[in-house]
Amino acid sequence: DTAVSQTPKYLVTQMGNDKSIKCEQNLGHDTMYWYKQDSKKFLKIMFSYNNKELIINETVPNRFSPKSPDKAHLNLHINSLELGDSAVYFCASSQVQPRTDVAKNIQYFGAGTRLSVL
Amino acid sequence: GIQVEQSPPDLILQEGANSTLRCNFSDSVNNLQWFHQNPWGQLINLFYIPSGTKQNGRLSATTVATERYSLLYISSSQTTDSGVYFCAVSGGSYIPTFGRGTSLIVHP
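Chains as they are written, first to last, in our numbering: chain P, 17 to 134; chain E, 2 to 109.
If you are wondering where the hints come from, they were derived from the structure by calculation, not from laboratory data.
Mixed in with the good hints, there may be bad ones.
Said to hold, decoys possible - Subject to a maximum C-alpha distance of 25 Å in a straight line, what follows is the list of computed SDA-like cross-link-like pairs (lysine to any residue):
#1 P:Lys52 x E:Asp82
#2 P:Lys60 x E:Gly17
#3 P:Lys57 x P:Pro85
#4 P:Lys68 x P:Ser132
As the list claims (entries may be wrong) - Over the 12 Å line for every Cβ pair with chain P, so calculated as not near, a few chain E residues:
#5 Ser8
#6 Gln15
#7 Arg23
#8 Gln43
#9 Ile45
#10 Asn46
#11 Gly58
#12 Arg59
#13 Leu72
#14 Val107
To be verified - On the chain P side, residues computed to face chain E include the following (Cβ under 8 Å):
#15 Gln30
#16 Gly32
#17 Ile61
#18 Phe125
Cβ coordinates follow ideal geometry from the N, Cα and C atoms, glycine included.
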């Protein structure tokens with residue numbers, strides 16, 4: 017009964033390919049996030065969705081496109097993969113929309129997807 | 002955006018030792034969380050602590066919001082405490098920002 021689940025756990029692919037990572041949460045949360053963790057373990061937010069609406073969109077190449085079919089799912093599609101995209105991608109969810117009520121905005125993370133671009 | 006600095010960057014302990022990890026942030030925050038990333042990469046919530054003090058077993062945390070810092074205390078450390086400890090904050094922009102972490106190794 018994993019609260020935030022990501023698939024796949026590992027993804028190895030060639031430069032130029034298109035790939036997707038899926039994320040699902042069963043916590044009933046309204047807000048979901050994608051983070052990128054680089055080789056030095058630095059975690060940086062990429063996107064956030066609240067009830068299927070994009071609310072945070074950091075400086076990310078437009079080759080990255082998040083899609084939220086419903087509030088329990090947030091998928092990440094990456095076009096034309098580059099070597100520099102190699103990283104661990106984490107999905108997270110929280111109960112509270114970040115820009116409103118700040119109480120209890122506790123984030124829960126998935127196990128991560130390790131992407132290797134060759 | 003808010004700058005988050007964690008110290009020390011690396012820490013090596015013998016089992017049973019105590020330690021204090023620090024998180025400084027550059028502006029007022031309305032959210033602050035401490036996470037432990039275990040050697041398998043999983044990010045585990047430790048504390049949600051935008052202000053005040055909380056304790057959970059051998060771990061405790063204190064945030065002094067007016068002075069813009071938070072401390073994580075680990076007492077009687079165990080080998081299973083090894084990993085990276087992150088502090089994450091958000092302020093007026095509500096964009097979560099992580100520090101670069103403290104890498105902890107606990108030797109038996």
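Worksheet item: Can you give the numbers of the hints that this structure goes against, from lowest to highest?
Response: The structure conflicts with hints 2, 3, 4, 8, 9, 10, 15, 16, although it agrees with all the remaining ones.
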